[in-house]
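Chains as they are written, first to last, in our numbering: chain A, 1 to 142; chain B, 1 to 416.
The hints are simulated quantities; they were obtained by calculation from the structure and are not laboratory data.
Fair warning: this is a prediction, and the values are worked out from it, not measured in the lab.
Computed cross-link-like contacts, SDA-like style, restricted to lysine to any residue with a CA-CA straight-line distance of at most 25 Å:
#1 A:LYS124 <-> B:ILE27
#2 B:LYS350 <-> A:PRO19
#3 B:LYS350 <-> A:ALA10
#4 B:LYS380 <-> A:SER62
#5 B:LYS409 <-> A:GLN9
#6 A:LYS124 <-> B:MET362
#7 A:LYS118 <-> B:LEU32
#8 B:LYS409 <-> A:ARG123
#9 B:LYS350 <-> A:GLN60
#10 B:LYS277 <-> B:GLU75
#11 A:LYS124 <-> B:GLY382
#12 B:LYS350 <-> A:GLY61
#13 A:LYS118 <-> B:SER412
#14 A:LYS118 <-> B:ALA366
#15 B:LYS380 <-> A:ASN36
#16 B:LYS350 <-> A:VAL11
#17 B:LYS409 <-> A:ASN3
#18 B:LYS409 <-> A:PRO120
#19 B:LYS350 <-> A:GLY40
#20 A:LYS118 <-> B:ASP361
#21 B:LYS30 <-> A:GLN9
#22 A:LYS91 <-> A:GLU6
#23 B:LYS100 <-> A:ALA38
#24 B:LYS409 <-> B:TYR320
#25 B:LYS350 <-> A:ASN3
#26 B:LYS350 <-> A:PRO120
#27 A:LYS118 <-> B:ALA39
#28 B:LYS409 <-> A:HIS117
#29 A:LYS124 <-> B:THR40
#30 A:LYS124 <-> B:CYS373
#31 A:LYS118 <-> B:MET362
#32 B:LYS409 <-> A:PRO19
#33 B:LYS380 <-> A:ALA38
#34 A:LYS118 <-> B:PHE414
#35 B:LYS350 <-> A:ASP14
#36 B:LYS350 <-> A:LEU5
Partner residues aside, some chain A positions facing chain B, computed with beta carbon under 8 Å:
#37 LEU4
#38 ALA38
#39 ASP41
#40 CYS64
A virtual CB, placed ideally from N, CA and C, is assigned to each residue, including glycine.
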Amino acid sequence: MQNLLELYQAVILDHNRNPRNFRTLPAANAQGRGENPACGDQYEVFLRIEKEALAEVTFQGSGCAISRASASVLTTELTGQTRAEAKESIKAFQTVIETGEIAESLPVSMAAFSGIHKFPARRKCAMLAWEAAMQALEEANR
Amino acid sequence: MTIETKHSTSFDPEIQRKNFPILQQEIHGKPLIYLDNGATTQKPSAVLEAMDHYYRKDNSNVHRGIHTLSNRATESFEQVRDTVANFLNAPSREEIVFTKGTTEAINLVARTWAEQNLNEGDVILLTEMEHHSNLVPWQLLAQRKGLEIRYVPVTDDEGILTTEQVDKMLTPEVKLFAFTHISNTLGVVNPAREFCALARKKGVVTLVDGAQSAGHMPIDLQDMQPDFFVFSGHKTAGPTGVGVLYGRFELLEQMPPFHGGGEMIDRVSFDRVTFKKPPHKFEAGTPNIAEVVGLGASLKYLSNIGMDRIFAHDHELAAYADEHLRSLPGIRVLGPRQNRAGLVSFHFDKVHAHDLVTFADMDGIALRGGHHCTQPLMEKLGLHSTARASFYLYNTKQEVDRLLENLNKTLSFFTS
Chain A
1 MQNLLELYQA VILDHNRNPR NFRTLPAANA QGRGENPACG DQYEVFLRIE KEALAEVTFQ
61 GSGCAISRAS ASVLTTELTG QTRAEAKESI KAFQTVIETG EIAESLPVSM AAFSGIHKFP
121 ARRKCAMLAW EAAMQALEEA NR
Chain B
1 MTIETKHSTS FDPEIQRKNF PILQQEIHGK PLIYLDNGAT TQKPSAVLEA MDHYYRKDNS
61 NVHRGIHTLS NRATESFEQV RDTVANFLNA PSREEIVFTK GTTEAINLVA RTWAEQNLNE
121 GDVILLTEME HHSNLVPWQL LAQRKGLEIR YVPVTDDEGI LTTEQVDKML TPEVKLFAFT
181 HISNTLGVVN PAREFCALAR KKGVVTLVDG AQSAGHMPID LQDMQPDFFV FSGHKTAGPT
241 GVGVLYGRFE LLEQMPPFHG GGEMIDRVSF DRVTFKKPPH KFEAGTPNIA EVVGLGASLK
301 YLSNIGMDRI FAHDHELAAY ADEHLRSLPG IRVLGPRQNR AGLVSFHFDK VHAHDLVTFA
361 DMDGIALRGG HHCTQPLMEK LGLHSTARAS FYLYNTKQEV DRLLENLNKT LSFFTS
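Pulled out of the complex, with its shape left as it was, chain A reads as follows (with noise of 0.2 Å):
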């Protein structure tokens, strides 16, 4: 149970309920693509990105519990940081993730991932929404 507990943080358990910028973006200038077809979640991640920095992110989609609040926190990390900053967020998520390690910088809510890399059937939902936010910078600088 305590690793049940970890897994469904209060963070994660409340952006399950209340997803944050849980729209698609008309203004978007870029945008991703998640799919796990092992179980048909899907998401799709906006950018509206001005000059160098990301003006507004938001997703739409659906998944679990994991996936969803994932994409939630992705949406209020990524919004105010510069193209490259996000790149980073994106690449230490993925190191929460794949190992659990939580550096000092990093912020509380995507810190609550850490206990996923306990369960590696479930490292796949956390990173859907991030993936696609990846393949939506990677787009925008083409």
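Based on these hints, arrange chain B on the given structure of chain A.
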């Protein structure tokens, strides 16, 4: 449709459990409750021992040796063909082809019989509840040959397909009707005998996907009369990597070979080759002998218990689960209210199947969550995923109670 019970008494799952070594373990500190039998079933000691014995005492190549071990291996291997024919009540042993599994068996029919007999404009009739393994081989063929695929529709959450629906869709352009015997997502048991009779009357060839039925209910092919029937060993308490294609001999005889190689040839020279008769024509290369031996042991094990009793037991557990699940808040239970096969899929509006399955796992309960390789059906029902509990002869009512307790706990975690 009801399954007749020949055996008067039921069997004790508690006694059967002892024959399955894998069940004697704890997961996260709780006794393992294995409810993912729709994906694969566990194997009794009899199967493990038969395969072990084969490798320790009889291992040799089949069909070509003169020495004692080769004779023993060939005999063990070919005896299983008789065991399978008896198990299915097939007209003859020559109609039993060993494959890697259900998927390979369906691909074999698609690449041989269908490749040879279907032409542009012909229609393949499937149903909307097919597993990807009975969809994709036909889609590949249809793309290559300009065929059309039509689907008998699933119209509600119960998912019962009627003979009227099927009859109406068996139009003159339809050349093949391939359908699942038991839906792995809905738990519907299709009236295979009636469907095959309707198709036969109109000269339509039938393929019955028995992946979910062969290990769970009595199969009588002389009564059902399909043209093709396929199943996998690993879903009949046997090993992975082995399955069966039953084909009517007349069709098998006319079909071109599937794979080329050793074992399947009659005579080879540098410029021509003649093939063996079925079934060996379709068994190129050294077969998976140990797995076939294991399959034989599993079918004997099941027959000794009685397939009618296994069906009754699985059905009872699924009906019990169905009844109690429906009282949980925000739940949608798929599948028929009557004559359900031994599985039940369900969806909660507040909890995603993956979260549910993770919570179940922490209590030692193995469930499946996802689209169950029936994505088109899930889309039709407006769902991305469901959780599924699927039962077998070693499951008990107490285990279903444990599942219900666990689901209640998970629900309150996510909704309180």
